[in-house]
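Engineer: Model the placement of chains B, C and D on the given structure of chain A, informed by the hints.
This is what each chain is made of:
Number of protein chains: 4
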Amino acid sequence: MSTFGDYFRVTTYGESHCRSVGCIVDGCPPGMALSEGDIQPQMTRRRPGQSALTTPRDEKDRVEIQSGTECGFTLGTPIALIVHNEDQRPKDYGGSTMDLYPRPSHADFTYLEKYGVKASSGGGRSSARETIGRVAAGAIAEKYLKLAHNIEIVAFVSSVGKEELFPPSPEYPSYSTNSNFLRLIGTITREKVDEFAPVRCPDTEASKRMTKAIEAFRDKKDSIGGTVMCVIRNVPAGLGEPCFDKLEAKLGHAMMSIPATKGFEIGSGFGGCEVPGSVHNDPFIVTPEVGGISDKKRLTAKTNNSGGIQGGISNGADIYFRIAFKPPATIGQAQTTTKYDFEEGVLEAKGRHDPCVVPRAVPIVEAMSALVIMDALLAQKSREASRSLLPPLPKSLPIRPETTN
Amino acid sequence: MSTFGDYFRVTTYGESHCRSVGCIVDGCPPGMALSEGDIQPQMTRRRPGQSALTTPRDEKDRVEIQSGTECGFTLGTPIALIVHNEDQRPKDYGGSTMDLYPRPSHADFTYLEKYGVKASSGGGRSSARETIGRVAAGAIAEKYLKLAHNIEIVAFVSSVGKEELFPPSPEYPSYSTNSNFLRLIGTITREKVDEFAPVRCPDTEASKRMTKAIEAFRDKKDSIGGTVMCVIRNVPAGLGEPCFDKLEAKLGHAMMSIPATKGFEIGSGFGGCEVPGSVHNDPFIVTPEVGGISDKKRLTAKTNNSGGIQGGISNGADIYFRIAFKPPATIGQAQTTTKYDFEEGVLEAKGRHDPCVVPRAVPIVEAMSALVIMDALLAQKSREASRSLLPPLPKSLPIRPETTN
Amino acid sequence: MSTFGDYFRVTTYGESHCRSVGCIVDGCPPGMALSEGDIQPQMTRRRPGQSALTTPRDEKDRVEIQSGTECGFTLGTPIALIVHNEDQRPKDYGGSTMDLYPRPSHADFTYLEKYGVKASSGGGRSSARETIGRVAAGAIAEKYLKLAHNIEIVAFVSSVGKEELFPPSPEYPSYSTNSNFLRLIGTITREKVDEFAPVRCPDTEASKRMTKAIEAFRDKKDSIGGTVMCVIRNVPAGLGEPCFDKLEAKLGHAMMSIPATKGFEIGSGFGGCEVPGSVHNDPFIVTPEVGGISDKKRLTAKTNNSGGIQGGISNGADIYFRIAFKPPATIGQAQTTTKYDFEEGVLEAKGRHDPCVVPRAVPIVEAMSALVIMDALLAQKSREASRSLLPPLPKSLPIRPETTN
Amino acid sequence: MSTFGDYFRVTTYGESHCRSVGCIVDGCPPGMALSEGDIQPQMTRRRPGQSALTTPRDEKDRVEIQSGTECGFTLGTPIALIVHNEDQRPKDYGGSTMDLYPRPSHADFTYLEKYGVKASSGGGRSSARETIGRVAAGAIAEKYLKLAHNIEIVAFVSSVGKEELFPPSPEYPSYSTNSNFLRLIGTITREKVDEFAPVRCPDTEASKRMTKAIEAFRDKKDSIGGTVMCVIRNVPAGLGEPCFDKLEAKLGHAMMSIPATKGFEIGSGFGGCEVPGSVHNDPFIVTPEVGGISDKKRLTAKTNNSGGIQGGISNGADIYFRIAFKPPATIGQAQTTTKYDFEEGVLEAKGRHDPCVVPRAVPIVEAMSALVIMDALLAQKSREASRSLLPPLPKSLPIRPETTN
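Chains as they are written, first to last, in the UniProt record's numbering: chain A, 1 to 405; chain B, 1 to 405; chain C, 1 to 405; chain D, 1 to 405.
Just chain A, with the same shape it has in the complex (with noise of 0.2 Å):
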């Protein structure tokens, strides 16, 4: 269904070609701080046509605010953010290519299997305009974050094509062993990541070579994938819902929810099914929090390999997480095919298209990142609340020990 979370719920509606694209945030907390200016520059950031290097289409993508807040604040109450469509005339029927083809690893045939009926032109709901309602509720899930907890979330290319931000060295032969990747998701800002833009990797060296890599595709016509990583700093220790809806299994399903991906790892990924578990094991340590909100000790892993989730629940370290974008379906070269009418023929895509949309994919992974940790957070507030009125635990139960509470 188009519905995403169980306490903060976003619903989201629209198609390439319809009047408007959008969604509606039910269960943001009350009294917060909310006008269009908190939301747009993700919208903007999603947005097609910032470079030669990504699709030209300019549509703007204004967000307006259509209920839930008053005097610039939510009310609590459902809160529905609307984009226009610039372009809302479905193509004429009739012998173009579209009505012909299903077009190879898009959405057309199986949409058809579906419904029995499809959307004639544009990839209707399957199009990235359905993206658009998902970021302008992960803005408003931000917000929050940042405010309550200060959690930050940085998204950034991690490769196009086989470029890769960190090859495998014999040194670091994956990410959570590699020392200078784990101290740059421990800094790394969107501002940062927005200086390498058009392609959203924070290294000048690695942005050069996907740089060239996309352009070489573009000029064969050709498309390219690639990987986003993401990083969640600041989570509270004892977020997610075990033994479904564990942190890692609901951002794996929000992240494969996002068009084109194909793979979703965390913490040490497919990479940690190669080391022995003496090398994995995240040891204990104290860390003395400095300048935090609490300077009381507590108890935080030493190593990484976990990726910030143990046993489903945050444990306090970085989330971090990396996500594999196909390269797009549509592309200029001609490709041999079938029509809907078992008549094979060869399918041209006409236009310009955008050979890698991991850049773009950025702010909608932080924006499901988003949701993800809210909803988690909005559960656990939930118990957490409704613990404390309890009497205290009697001394003998492995509780808690208070001085990490």
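Treat the hints with care, since some could be wrong.
Because identical chains cannot be distinguished in the list, a pair is counted as satisfied if it fits within a single copy or across any two copies.
[As the list claims (entries may be wrong)] When the alpha-carbon atoms are kept at most 25 Å apart in a straight line, the in silico BS3-like pairs for lysine-lysine are as follows:
(1) K297 x K143
(2) K146 x K192
(3) K208 x K192
(4) K395 x K143
(5) K296 x K146
(6) K143 x K162
These are calculated hints, taken from the structure and not from any lab test.
Structural biologist: Chains B, C and D only, in chain A's frame:
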């Protein structure tokens, strides 16, 4: 929470040392033959103690149907399934290692952070016994899927540590491009997989390599991870509920909710990021179904980089995906870590431990796959049935061509 | 929350003075003809200002479909519906009555308690404008129900204050035993009901009594409540999801979620408590369907104290129920009450107010009825379709006799 | 479906003649003392066979906690509760009355229509034994509500047939205007109610009238319905989730899901339709809380026609509502009806039957009330806790005055 699915809803319960573990399955189609005999085989496959390579504990795990059937047929009402825990005694408190230490990369620390209290011994709710309810429920879903659509779900071990079933080669850099792999998943059966017990990797040579690897880690009192590959055959086109409940998103959610998972990839997966769109796109061809449910001509994908899903919706091709499992956190080796009281110490686990859980994960992966497909199927059945009562669409609309319906 | 339904999911948004009000409908069957013209009539029937008896404000309330349709047919994707608020200016702060007083029996006090902040003027989310989204969504459900099953939903006013459409008499102590009533609900149409606008009680004499009552309360600057009766005809047997989502439970939920409702009763209702089981039981008879969908013989209930639902499941007979609406809380009379600052004072509402909202509640009751039936229908469609793929049951089981299927 | 609640989720299972009945409770706050002794009393109060006025069957109904607690405290994980069925043998088939007839006003007919198959004997899932899981789960919720907020829930019989606890009088035409009634619900306890067993109407004279009425119907082999009144005290202001999950809507849903219910009314209820707004409105007064949780001054309602809920949200006053129960459908008298094979016949039930279920409904009503309040409380806890981390609102906004917080 502990409920999975919207239409075929499974709610599990149980810790490692409580009276019983099990689940309630709500939404099973009525009138299906069902007895314990349909469920027990997967329970037994999940059971530890099947060989020297897995943990020697023998729990039997006999499942009992409590409700929802009569005279051997489902009533359409909730089906409760129970497996008694033979060892129900939570450990005595005081002085034991587990009271002093949060075990590294276990859920001890995060459960305490989340709930403020935790089970005294074993993993509590984070124990592998939690998966019993999943496997039992999955067996019911599988029975329906087989009866109604001849859907087949088979998982197997595709790697242990660095030992791969299909090591990447210049000719076949990835699974999705490997014709041997594609042939294997087209025909592999559970019987075949179990011939390769205890490793469950259906290849004599690879199986030997993996066994050796596991033994080596066992002898070092260490542990190792690996990957499980799963294929789902005969899934009708049209399953999956965009935009948030895309079929791969639900599969990703399901798989990442299994304990010890670190990654999920579908079809071409992470490898798919590295190939151009012109190679990655799956062109359509016409496939006359031979001896199938229908002998009508249909469109199908010529290659299967999509992994059987496009735009979040099944396209009728084999669905396949891979899951990364980290090495078990419990190892016999001494580990330097920190106690709840912030004092550093050396933790040494006693007894024998499972050096590699990947073979046992096989039936769990199959069960979760069944739950996802069953849920998506019931959603789509509702849509198709409701649509079938509407007047036919005008011919001018881009409807599903008659010939493919 | 602001979402209703599991299969046909409606999420509404909007306050009295924000930019727009509306909803997203997710789960509408694809391929159904749908335009604003299908929705507007009920919007207009809901609209205030239709006569001197109701509030004179004229808001027009033009609905706009934003998404989910193309070329006049539903795509199966979310349908967003918007109605612009003409008066979007929240009132200035300071010194106004509403800032000083929580209005008696309004939601001012409880919204502040719940959210810690509230809309500055109007009812905010508790305003009657909130029901616009419900009515719009209901119209879509109604269209489907009519097309697919010829389901008809008609509500009308059954009492205003003490003026009853069918006053209890020795012969007919209650609705369910009154043959005139049963005849009326078997044939009543919306057109007929609207002939009796503005009171919407389909009886000339009763309508006059009610009009007089309303006028009397209006002249006293007071208000009065009443009841609305609703009938749903041609509902197929089998709808409703026990044990918690019995059809009457969902109807009760739906109706009690309408602002100003105080009670709900189905079939014999509260009156049914007073008659013995020997009278209350509905014996079965055989009804040949005349000119209906099927000419097969079927069992049906001879009497209808059950109100068309038994064991929480529709039995094919007319479903009818009654809803109690309290008198509007806003009255012109002076009321002694207490300010937020704990000081007693006299509150006097300015302007003209609706002395009786019951007639306007009619389309809202119909809309909520449609949402409940639609949701239950989609749930049952899924069950029936999934069951139909299973092998036939053995003859020895107590199955549904062939003749009634 | 068989799940109730979003935050405190209860899933029940079980038919009349299967192995066991019970439930899983997911979302219980961790760290609460809980044992079978907290649950059994309500199980026993629900149990039939407590006197000559109710059915003589004695089933004992011992509840067993399967999971979710350790050392007598909740872990925050799912709590499974089981009650074994002592009579597990479904009746033999062939020739029995129940195989031939759908019993009038029972669920036999509709279950067959819905599921295409039904339990062979007893009521299957529509049996009163289904309510065991509800009562067990409700007892857990009650324990929390009492510990955390001193919330008290007491239900009692308010009428049997035409015998009313408070017959309408010119002075007191309805409950909400009757000062004796309001006094009663302010102090009534379960102990007091049970002093009036088996009728459970806390008034000596009314109790006698009701007993006599039940005996008269029993002697005629007939049955009779009645009403149950329920009060919930000490509910904090702010519970209920508009617009669809208003507190009265959830209460209505919960109550109408109990077998044999025909109506629900809250506060002034149907009687409230007949009084003018000037009388119905509940003015605010200042109430110093005496000996309560807080000694702060608060606003409260002077009268309570609202029944403790305004705008769908609790206002801190007593919540009270009334539920109508129809007469039991199983009667000893002969009934003329029609068989499954369309032949008319005379159905005569054997054995002794419960002539009036209303007294046994008392603990079920209490349990469902507890589930609704618990769920609403956890929702609001999440909101309040999340709001508390935001910066304070500017003074210019219409915020909740400090003095009442």
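Engineer: Confirm or reject each hint.
Structural biologist: Hint-by-hint comparison with the structure:
1. K297 x K143: Neither: 28 Å inside a copy, 35 Å across copies.
2. K146 x K192: Intra 18 Å, inter 52 Å, cutoff 25 Å: intra-copy only.
3. K208 x K192: within (16 Å within a copy, 49 Å between copies)
4. K395 x K143: between (39 Å within a copy, 21 Å between copies)
5. K296 x K146: Only inside one copy: K296 and K146 sit 21 Å apart there, 34 Å across copies, limit 25 Å.
6. K143 x K162: neither (35 Å within a copy, 43 Å between copies)
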